[in-house]
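Peer 1: Sequence:
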Amino acid sequence: MAMTVSSCHIYPLKSGAGQPVPALELLPRGPQGDREWMLVDAEGVFITQRMRGCEKLALVSTEQMAEGTVFSVADKEPLSVSMPDREIAVKIWKDDVTALDAGDAAAAWFSDYLELPCRLVRLSESPAHKRMLGKKWQMEDGHVSFADGFPLLVTGEASLAALQPHFPDGEEIAMTRFRPNIVLAEAAAFEEDVLYRIKIGDVVLRLMKPCTRCKITTITQETGAAASNEPLKTMTKLRRGKSDDLAGVFFGQNAVIEQSGMIRAGDAVEVLERRDMHPALEVAELKFTG
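When we follow our numbering, the leftmost residue of the sequence shown carries the number -7, and every step to the right adds one.
These are calculated hints, taken from the structure and not from any lab test.
Given the structure is predicted, the values throughout are model-derived calculations rather than measurements.
Mixed in with the good hints there might be a few duds.
[As the list claims (entries may be wrong)] Dumping the calculated SDA-like pairs for lysine to any residue here, alpha-carbon to alpha-carbon at most 25 Å:
1. 201 - 25
2. 48 - 25
3. 201 - 263
[To be verified] Listed next, with one range per pair, are the computed distances between beta-carbon atoms:
4. 260 - 164: 26 to 34 Å
5. 180 - 64: 37 to 45 Å
6. 236 - 64: 39 to 47 Å
7. 24 - 240: 28 to 36 Å
8. 140 - 229: 22 to 30 Å
9. 77 - 43: 22 to 30 Å
10. 207 - 24: 25 to 33 Å
11. 229 - 59: 46 to 54 Å
12. 97 - -4: 42 to 50 Å
13. 228 - 57: 37 to 45 Å
Every residue, glycine too, gets a C-beta built ideally from N, C-alpha and C.
Work out the full structure: start from the sequences and follow the hints.
Peer 2: If you want it as structure tokens, here you go:
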């Protein structure tokens, strides 16, 4: 059957609630509206659900309104933030980035919610402040938002379906745990691992490497709490691999945008170029078999 786009998703606040959307406008840095906001600690280092006590970031929803961006959680007055303009130095992994500080009121709102001193920052649109892709993955004008390292994450429905029977006690793991931008339908299980260039409408994507998964997958995104060590525990047995340049537990593919444009849920996916499976995946028990 033909491969299609099953669903599209953005995450306006890094580690905040995801939003299913009917379409994505793909810029060189990733989807418009995706991971354009982020929280940082007192030293300017990025904050995510990986940090103890910050799992409930998953419950922070974001809405773009005429008066600005509105952040909200249950039982707390919403926070409305206009476009900031004060520059601040922040750090994402090893990257030093210039961002825009959203001010003291926003810092107080999030610090109160997380019970942790922090500040809200926005992605700078200045060309001088672009966060470039790692040299190994560099393309012309290849840069990225506040995402961990790549503009996009692509996953497959069939891949998650292949994992489901292996989770203990019939636990149902939702795709939201993996926080993808694009979910593919009708692909074979783990077929995304052997795709290199795909075309969706006028958009061309390159799937660059397997995505290494972390403890965020153990957090139920709808509750902001980790009920167990799944799916990571089971995936460590079934989807763990290692090569000279990559090691970890894998699900999905990190991707870059070769040709920008719009994609929509339901769009057909044309495979332009396939590739060999990454060596790190060759030893995985569950993998694409053709």
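Peer 1: Broken hints, numbered, in rising order?
Peer 2: none
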